[in-house]
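Chains as they are written, first to last, in the working numbering: chain A, 1 to 340; chain B, 1001 to 1254.
Heads up, some of the hints might be wrong.
With a straight-line cut-off of 25 Å between C-alpha atoms, the simulated DMTMM-like cross-links for lysine to aspartate or glutamate are [unchecked claim]:
| hint | chain 1 | residue 1 | chain 2 | residue 2 |
| --- | --- | --- | --- | --- |
| 1 | A | Lys64 | A | Glu290 |
| 2 | B | Lys1167 | A | Asp61 |
| 3 | B | Lys1249 | A | Asp94 |
Here are some chain B residues pointing at chain A (derived, C-beta under 7 Å) [what the hints assert, rightly or not]:
| hint | residue |
| --- | --- |
| 4 | Thr1088 |
| 5 | Gly1089 |
| 6 | Ile1090 |
| 7 | Asn1092 |
| 8 | Met1097 |
| 9 | Asp1098 |
| 10 | Val1099 |
| 11 | Ser1102 |
Calculated from the structure, these hints are not laboratory results.
Predicted, not measured: the structure shown is a model, and the values here were computed from it.
We put the CB at the ideal spot given by N, CA and C, even for glycine.
These are the residues of each chain, in order.
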Amino acid sequence: MAVMFGTAIAASGLRKAYKDKTVLDGIDLDVPAGTVFSMLGPNGAGKTTTVNVLTTLLVPDAGKAVVAGHDVASDTRAVRRAIGVTGQFAAVDDLLTGEENLLMMAKLLHLPKAEGKQVAGRLLDRFDIADAAGKPVATYSGGMRRRLDLAMTLVSRPQIIFLDEPTTGLDPRSRLTLWAIVRELVADGVTIFLTTQYLEEADKLADRVAVLDHGRIVAEGTPAELKRKVPGSHIRLRFRDQRELHAGAAVLPGATRDDDALSLHVPGDGGMKTYRALLARLDEHAVDVEEMSLHTPDLDDVFLALTGNASDPADTNGTSGTSGTSKTPDTNDTNTAVNA
Amino acid sequence: MSAMAASVADFSTMLQRNFRHTLRNPTALFNAVLFPIVMMLMFVHVFGGSFDVGGVDYIDYATPGVIMMTIGYGVSATAVAVQSDMATGIINRFRVMDVSPSSVLIAHVIASVLRSLAAIVLVVLIALAMGFRPDANPLQWLGVLGMILLALFAIGWLTVALGLAAKTPENAGFAVVPLMMLPFLSNAFVQTDNMGAGARQFAEYQPFSPITETLRGLLAGDPSASPAMQAVGWCVGLALFGYLRARAKFTNRA
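Working from the sequences, and respecting the hints, build out all of it.
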């Protein structure tokens, strides 16, 4: 796949309204080539509309978009040659077999027959659908359909791939498989524009994340930068027993005490200086700490804080482990644990 | 590859896809054939005896009507197929791949025409077995084929436009119901003279009546020009209307 340098996707002031309902309210984007950019937002935020505009399917009311160096409005064909799109609903043909679907793509790209067969065979192997290649897609599982969908997009070897909610409705294992595929694509130099409503997905895959709400980007940055935007970063100290906890609490007056968990939460950003100062202070008073970990707010907290969907902003403060979205427990704590 | 050659190649790819759909989903074809045949049996053996159709054998009178009914029934599968293409996003995939819109849509129309034509051939063969005796000469048979193809083409475009406009498969199926009902409100099975005032006027001025009349004339070996001209006019108009609507919908709908 062709490796590009510079900007893969640039947009400024994209607007779109249907009758009196504003869907896109001035979107600006700048996605460097070879990176994963994730657009995160709830249903109806305008994610799919943005993808439709960037992939030439929809003409915006205002604004300009340049994809792969070509203007979406005036150089539609050049844009289409450079991109691949895997939409929210698997765009596969149920009555054809997996292999026939891929061969159909090859034919529509006017590849020579032998090359088409070769490409299809390789993709079937790579996406682990070779065993079901001769079966109608109607018999495939959800995960297989998505994989086939993505494989169909890859027949044209696009430089930029748009994935619109690629894992919505997938089981955890299929989701992990799809993530692995996305990482491989990035390793090949492909630029990925990913929309998702799963914070964990953006966190795991994206170099940069834009949070979209009501057609506007309400925050943008690396996942780490975004997490810093909400308060709630703290260092958690766990003690062996009540006595040690008590001693610790006496030394660290600013900390919040959790008697049940035998732990103290010390507000702080996890910088090395904070650690050193904290350890020095505990040492000084000979307080024995069992475990120390940094608890950073995850994108759930950011998301809820920024989109204003949280019932009370204070809720997100330091209790990120209890926020609603399902996820594996280890995503919450950036483990810089020091066993003291 | 030149733009023209690319379009032709895309069209043949799309047509192959639609043929595979028909072969793998035989229920659609079965429905399109079965219902008209059941209705033909009913009309000929149950109701037919009590209809006065001007002295001709009732089966000779009704067969052109059954042909029209087959046309009306065959299209619901097309409308649903087009709607499902839009809903699953595969048409968006084709659009992003720069597949020419006309090749996608024309493939649906042609597949629809050929599927209905196969059903009509079957229906006519069964009618012949039931005692249908046409008096058409070879040239008139050619005229019958031409009229049927033109009607299928017109209804095909109209159906594709209806399928593109429908939001759900149910809507798509419902949108073509009028096409199934039109033969009953025409001269397909009874003479319009015996209808009530409103129904008669409707039957005389709707497209299926002149088309049926034209087929009936040709099959009886006694064609007349006036209904044929009306029929051709209707078909050209409907085809154009359907085509323009379909094109506009296809371009607009993302």
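Structure-based check of each hint:
Distance check on the hinted pair: Lys64(A) and Glu290(A) sit about 56 Å apart at the alpha-carbon level, beyond 25 Å; violated. Distance hint between Lys1167(B) and Asp61(A) is fulfilled; the C-alpha atoms sit about 24 Å from each other, no more than 25 Å. Of the supplied pair hints, the one linking Lys1249(B) and Asp94(A) holds, its CA atoms being roughly 24 Å apart against a limit of 25 Å. Of the supplied interface hints, the one on Thr1088(B) holds, with its beta-carbon coming within about 6 Å of a beta-carbon of chain A, less than 7 Å.
Among the interface hints, the one on Gly1089(B) holds; its C-beta lies about 4 Å from the nearest C-beta in chain A, closer than the 7 Å criterion. Checking Ile1090(B) against chain A by beta carbon gives a least distance of about 5 Å; that is within 7 Å, so the hint holds. The closest approach between the C-beta of Asn1092(B) and any C-beta of chain A is roughly 6 Å, which is under the 7 Å cut-off, so the hint is satisfied. Because the smallest distance between the Cβ of Met1097(B) and any Cβ of chain A comes to about 5 Å, under 7 Å, the interface hint for this residue holds.
Annotation: Asp1098(B) was flagged as interfacial toward chain A, and the flag holds, the nearest CB pair being 5 Å apart, inside 7 Å. Checking Val1099(B) against chain A by beta carbon gives a least distance of about 5 Å; that is within 7 Å, so the hint holds. Checking Ser1102(B) against chain A: minimum C-beta separation of about 14 Å lies over 7 Å; hint violated.
Of the numbered hints listed earlier, those contradicted by the structure are 1, 11.
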